[in-house]
Every structure is written in C-alpha cells, then in structure tokens.
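Number of protein chains: 2
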Amino acid sequence: MVNVKGGAFRKRPPFTSTMILMPNTNTLNALREMFGERLQTTEEILSLHSRDISWHPPSLPEAVCYPESTDEVAEILRLCHTNRTPVVPFGAGTSLEGHIIPYAGGITIDLSRMSAIKAIHPIDRDCVVQAGVRKLQLNKALQPHELFFAAGPGIDASLGGIAASGASGANAVRYGTAKENIRALEVVTAEGKIVKTGSRVKKTSAGYDLTHLMVGSEGTLGIITEVTAILHPLPGYSAVAVVSFPTVQEAMEAAVAMIRQGLPLAMLEFMDEVVMRVINNYAGTDYAEQPTLFLEIHTDEALADIYRHRLSKIITEQHGSDFQWGSSPDEKARLWEVRYNVAHAILAIRPGGNTMSTDVCVPISRLAECILQSKAELAKINHVTPLFGHVGDGNFHISPNILVKNEEEIRLFQRINEELINRILKMEGTCTGEHGIGIGKKKYLEQELGQPAIDMMRAIKKALDPYHILNPGKIFDFY
Amino acid sequence: MVNVKGGAFRKRPPFTSTMILMPNTNTLNALREMFGERLQTTEEILSLHSRDISWHPPSLPEAVCYPESTDEVAEILRLCHTNRTPVVPFGAGTSLEGHIIPYAGGITIDLSRMSAIKAIHPIDRDCVVQAGVRKLQLNKALQPHELFFAAGPGIDASLGGIAASGASGANAVRYGTAKENIRALEVVTAEGKIVKTGSRVKKTSAGYDLTHLMVGSEGTLGIITEVTAILHPLPGYSAVAVVSFPTVQEAMEAAVAMIRQGLPLAMLEFMDEVVMRVINNYAGTDYAEQPTLFLEIHTDEALADIYRHRLSKIITEQHGSDFQWGSSPDEKARLWEVRYNVAHAILAIRPGGNTMSTDVCVPISRLAECILQSKAELAKINHVTPLFGHVGDGNFHISPNILVKNEEEIRLFQRINEELINRILKMEGTCTGEHGIGIGKKKYLEQELGQPAIDMMRAIKKALDPYHILNPGKIFDFY
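Protein chains in written order, with the working numbering: chain A, 1 to 479; chain B, 1 to 479.
Hint data in this document are derived by calculation from the structure and do not stem from the laboratory. Glycine included, each C-beta is placed from N, C-alpha and C at the ideal position. All clues stand as given, with none of them false.
Pair by pair, the computed Cβ-Cβ distance ranges are: (1) 117(B) <-> 381(A): 39 to 49 Å; (2) 247(A) <-> 450(B): 49 to 59 Å; (3) 381(A) <-> 33(B): 58 to 68 Å; (4) 312(B) <-> 305(A): 17 to 27 Å; (5) 316(B) <-> 262(A): 24 to 34 Å; (6) 384(B) <-> 262(A): 35 to 45 Å.
Cross-link-like lysine-lysine pairs, in silico, PhoX-like; alpha carbons within 25 Å at most: (7) 140(B) <-> 118(B); (8) 462(A) <-> 193(B); (9) 118(B) <-> 196(B); (10) 443(B) <-> 426(B); (11) 196(A) <-> 442(B); (12) 462(A) <-> 193(A); (13) 196(B) <-> 442(A); (14) 405(A) <-> 442(A); (15) 462(A) <-> 442(A); (16) 442(A) <-> 426(A); (17) 426(A) <-> 196(B); (18) 140(A) <-> 332(A); (19) 426(A) <-> 380(A); (20) 193(B) <-> 426(A); (21) 462(B) <-> 442(B); (22) 426(A) <-> 118(B); (23) 442(B) <-> 426(B); (24) 443(A) <-> 196(B); (25) 462(A) <-> 196(B); (26) 332(A) <-> 313(A); (27) 380(B) <-> 426(B); (28) 405(A) <-> 443(A); (29) 118(A) <-> 193(A); (30) 443(B) <-> 196(A); (31) 140(A) <-> 118(A); (32) 193(B) <-> 443(A); (33) 442(B) <-> 193(A); (34) 196(A) <-> 426(B); (35) 426(B) <-> 193(A); (36) 193(B) <-> 442(A); (37) 462(B) <-> 462(A); (38) 118(A) <-> 196(A); (39) 443(B) <-> 193(A); (40) 426(B) <-> 118(A).
So that you can see chain A by itself, here it is in the shape it has in the complex (with noise of 0.2 Å):
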C-alpha cells in the first residue's frame, strides 16, 4: 500500500506511476447509488476480475461495475474522470499479456451483460453488436444467414475485447485480423461522451480514422461498447489437411508456395516436431514427430479438386510425407483434434503449470531463419518448449510451460523472449503479432517503433485521457 496523496492507491508491482489520484470512497459510493446491486465488491468477484489467462501476477481492482447500456458506461467515465478513479475495462478474461489486469484498482467495467445482438445485415455483410457479446454467441446467431464472425483467437473472446485488443488467431491468413474485420465502433471517452467512430459503409474517406485507432488501444483511450463487425460468407467447400516434412526449412517452403499460388487457405499453421511429440503423449496419437503443417482450404466444391491437386504437387516437392486430408465433418474433426489439442498438451506437459508465450511476427520471408534461430537457442537449455505459429502471417509462438511460482523458470523465458525480440528487430519484425503490449511488452515497444512514435502514441492518450484513468499503466507506463 502506498498513500498518494492521501488517496487509497494501491500501487503494486510491475505498476509505477507518479500519477495522483483523488480517494475512490467518492466514486465507489456514487456508484453503489446508481448500480446497487450491479456494483460488487466480494472478493470472489473481485478476484474473478484480477488476473487474464496469462503468467502476470493478479492484482483486485477496488469494485466491479456492471453496466447494462452505454449510457451507464457514460456515466461511470464522467465520474471516475471527475474523481480521477482508474477505469479497466473487462469482456471475457482472455487477454495474454495482464491488459485487464487493475494494477492500479479502481474501478473494472465488466462488460458482459451487454451482449445484444443488435442487428444483423446479411446482404451488406455486417453486424451490429454490443461489446459483451461473444465470438461462439455471435457465430451460433450468424450461422442461419451463412455467414461468420472471422477475427479474434481460438477462445472465446468477446466482441469488445476482441477489438480492443487488436486480436486475430489462425485464420487470418485468410480473413485478417480485428484491424480488417471491424468496420467501426461506438466507444465511451474518458470524459463520458460517446463517440461514433464511422458508419455501416464498406468505404470511407471522412476524417481521421478513429475506429482503427481504437482497435488494439487496450482500453487506454476508450471503451468500446459497440462493434459493427464484418462478417465472411461460410465456405461452400472446406477442407482441412495434415502433413509433415524433413526439416523446418521444407516445411517453410512449402508454405511459401502454397501462399504464392493463391491456393485458398483459410489457415496455415506450423507445429514443430516438440508439438507434436506433446500432442501424441497428451492424445495416444502417433502423428510423425517432424516440422507439420496444418491447413485448411476454404472454396467451393466445383474447384476443390483443382486446389488439392496443386496442394499435392506443392507437398511432393517439399518431401511432404502422411499427407492427410479430409473434407467430411467426421474426417475433419479428427484432423482439426491436433490443432485444437496444442493448448491443452502443453497444460499437460506437467501439473500446475501454466503457459507463457512469446509473439514474434516477422516478414514471411524471415521466417524460416528465424525459426532455425530460434530453435537452435532452444536446444540449449534442458525444457520442452514447444514452438507452434501462424505461419501464413509470420507469426509464432514459443510456449513452455512454467510454473509461476518458480522464478528461475520465468527470468530463464524473459531472457529468451528478449532474445527473441532483439532478433527479429533487425529482421524489421514486431515483438507482437497479435497479444498485444498489455503489462508485458512495453519495453520493446519503444525498441522497435522509436522514441518519436512513442512520443506520439503518448501526445495522442494525454489529449484523450488527460488524467490517465483509461486503463493506466497498461501500453506505456504513466507520465
């Protein structure tokens, strides 16, 4: 506990800050008046709100708010900004560098009680959502219309979360990130005004581009409490394939082709041979222990045969061997069980450990060698570090599991990641590919954008959250 000018601020590590903020007991009583019940301050639910799915250390935010309409996110931001209380916003927990972590308390908006679908525009393909609203929840709404919701990770993420923090997962190869499926927001200001970022339309050239702004901004410059998201028809044809190669670099270079030939791939995804070794011990599978792709094909059934044929050749060339391909539901559930399984394998590897991931993303054709590097340093220590990524877009992840009550364990993996980084930096690559900075990169962001754009990014949150209440500490530590 450290008093801040005689204000309850409970200042923990690794937060630092040489912000004043007023005593909370104002706001935490406004709120209770307006909230009632809708305000919680039990410890079970405050510890239900002070961690993500991460390694980074939990920290309890002062209440938890759950606010049914935007205008009542308004009137939370009016005050907490009037009283200088820190604001974190809450969707599903998902984050994987602490973003909705509240080191410095205050007040977390949890958002999921707004989870109205509000329309849906089959012909325009788009949705209006609120920012509660879940991936699974969406897609199950959107499935009659034929159509899906692509961004976001694997879990189940909310909308708002989603776009806030710029997330994609495998199937952006095909479809893009957060960045290329949102096509604008409604997002509550520091203030309490509520902003509209742009319209329902395709194309827009009317001022500045505040919806991408928004995008990956961690809740540092608003909350996002509507998302008009772009929706992909579902594919008349799919199919999901599993093959393995000799080394890492044939692997790669199939990859390669197979982008450059245009094949249709609504996923590309690389498990090197610790992956599947993990899988088969978690699964009883006996897939080959070598460099694997794992790929899908989204098209349709009159030219499926002519995109398997040049997958094949392209396979052949590269020494591809147990190719295995499967366009039935039956054949590809039992193919898509490997991919599904690298999370849970990894958890399994040993009890009461957790996973902690790198996030490198480099241009495609740094990859190869930057995979060689990478595992070459990781022969040299004596833990099983599964690397795994989205080899279409660049990016991977190498993710061992720890335990986060050994210390060695965790300076052993920061030194690797900052290794890492400090690798792909001369590679013209990015510490994160699609986590985020949250708590854990801020240091390397500066490393690899520069001073003046840092510089920027700061000019830019001072002017929109002059008091800092936005999520603080969180992208760059407090000024």
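With chain A held as given, fit chain B onto it using these hints.
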C-alpha cells in the same frame, strides 16, 4: 490581404481563421539559404501548386520547396513550426476536394523529387517507396516480379497522396482501399520529428495504429515521406465484361448476386444510361444506352470457365443483354475504353466545362434505392447528369459538367450534393467514399459522425500540431 498581428497572412475564401501567424519572411529567408534553387517563388511554379483537379478555387502558396530527403522535410517543418508558417504537402496534385490548395498561404512541400523505389520484397509482397513515387512508375517497376500495387484512383497519383487521402478506386471491391494496402509509413511531425508508424510485418498488435491514423489524415497530422505498400500478384487470367440491363434495379440485383456468389470480381462498375449516351457521343460507339455494368474478373485460367458460366446465369436471371466478354489483350483493351472514356466524355459535354463530383457511399443493401431516388431528383433539373460508381462498394458519383464561373450552376449542384448527403445519412452512409473531406465536405463531417467524434479528431489534431501549421483549414476549420 488581411494583416494578422503584423504578419503577411493572406486570407482567402472559403478559409476562416482566428489563428495568429507570425511573418513568413523569416521562414522564406531561412529556406532560401537551405534549399537555394530548390525553393521556388515564380508565378508559374506558385500557380502550378495553387489548384488540384477539382472545381475548388485556386490559392497561391508563398513558396514551393523541393526536398530530396526525409531529413530535409524534417528541417522545413522544424523551421515552420518555430515560425508558425503553414505547410501544405503536394504529391501529384490530383486531389478532388481542394486538399492541396494552400488557402492559408505558407510553404508548399512538393515531394516529386522524393521518387525512389527503395525496396521491393517479392516473397513478402511489399515494397518501400518514397512518398513522391507515382502509381504507374511503381507498377512498371513491379511488373518483372508479377506483382502490382492496387489501391488508389485511376489517375496517376503519388503514393504519398494516395496514403494521405485514403484513396481508392475501381478495384477496391477486390483489393481494398489505401487503408488495406498500406502497411507502414514514415511521417514527419509538425515539430519535425521522424516517426516510423509500423514495420513490414503482416500483423502487429504493437501499440496504437499510427499507420491508419495517418492514412486519410490529408496532411493535417504529419507529412508522409515514405510508404510501405502491400502488393498483390498479377492475376494469372483476367477478363473484362460489359453488360446492359433494362432497369437500374435489375443491374443492382445482378451486382449483389455476383458479390454474394463470391465471383472473383476485381471491378464492378455501374454506369447509368446518361453515361452510356455521353460515351457514345464522345467515342462514336453504339453501346446500349441503358443501365450498364462494367466488370473485371481476376482468377486463373483453370477456373475461368466456371466463373464465366456463373456470371452468365446471373445476367440472364436479371434480363441483361449485350453481354460482351473479353479475355484477349485486344478485346480487353476495347472494352476497357468504355470505362476510361467516362471522365473525358463528361469533359467533352461542353467546352470549358469542369467536373464536379459527389462521392457518397451507402451500405450495398440501400444502393439501388439510393441511386433510384437520386435519379428521380436529377430528372427534375435541366442538366446532363451522368451517374456512375463502384457499386461493389456502395460508392457512386453524380458527375455533371459545370462551368466554374457559373455560380448558379455551382450552387445548384452544391444543393443537389447537400440533399443527396442528407438522404444517404439516413441510410447510414458516408458523405465521402474515396475523395476525402478536404475543403469541400467539412460541414458534412460533423453531420455524419456527430460532435463527439469531431471533438476527438480535433483533440488529436491539437495534440500533434499545436500551432495548426499542417495543411490548415482542411478536414475542419481552425479553432
């Protein structure tokens, strides 16, 4: 001439300002010393930089500077920032809403000497070019790599200009706008700092998306000096088709069906019967003077017949006739002429006339209704009013030939544009799909997005350009 605190600040309509500018003499003297012959103040050069290709009235800069490097641009800006001198960036001069007209005087930075193609990365499908590189120049250099840069207008704009105005053109339906085709930028800030907005990777979640903030900011937040552009493979096979329909409604139904069935459309252009008549008059052709779709398919040889068959079926269902299909270079060139001729044919309606274009965009589900309403309104006036557009995106232009000296005509079409915009705002449309706000659409921006969004844009502008030297008076008035 209006003296503002002793400064030689020329105030010209439609520019209004309460800004206090210091005399530019200091700036001019310092620039002369730095740039010598590369600072120009002759009437001829000033005049060349006083207008774009639109009907907006010209206005002279005080001087035109020709930097040859980013560092030189930074030097100019440091000086202008200190002296509070307005700065307008100039690429190819092809803007359509007065973006590059220096209504506040000051220095025009002509980037045409910064025309180096710095790197082409065929595997990563990107390139790095200086801002003054033109689209044709780039696409010529990309041809040996079988790649092309897709975004931007048909006219030969500069890459910096395409980025700054968030431009797009006929092939956005397949390849997207500037937003989807620019990966990163180098930008010089108002203070003369050089910002790298991103890296060459396909995906990143590293901090605020400064790239997209700059795309479409029309020179008001920074001067773009370098563009990292996304490239697409040249199609293995392309074909052009022209087909006419009995009614606008049927042409629109056909267009929507083509999109819904996932045809690989690289263009999907609509031309009304007025456009076809104007083209026939201009080129001596005998196309049916009916609502017409002009489209281009990009695919590969093996799939061409499948798509042609599907297209045929849709056309028959919507009672299309005169279906002409060309896939050989000669046939394509002949059919392409139709589309190329639009601009020239409109100018040829009467000598000395100029085009004045609306640029609304609506959700595709509202497009037929919107075009029909617009045509009903246009039928009430006695003027040739061609209507055409990028229907795959919901974007169309009413583009009459007007005499810029005829104030009555200008007022008439300003009223028509205003009524059109009022109509499309009720359809969740935008006042500008691809031309930008510039000087011409400022009053509609607030109407479209609301005061809180404009306040947010202004706050960003103020944070990044506190003295409002960067292209002052564009997007919004001074404040």
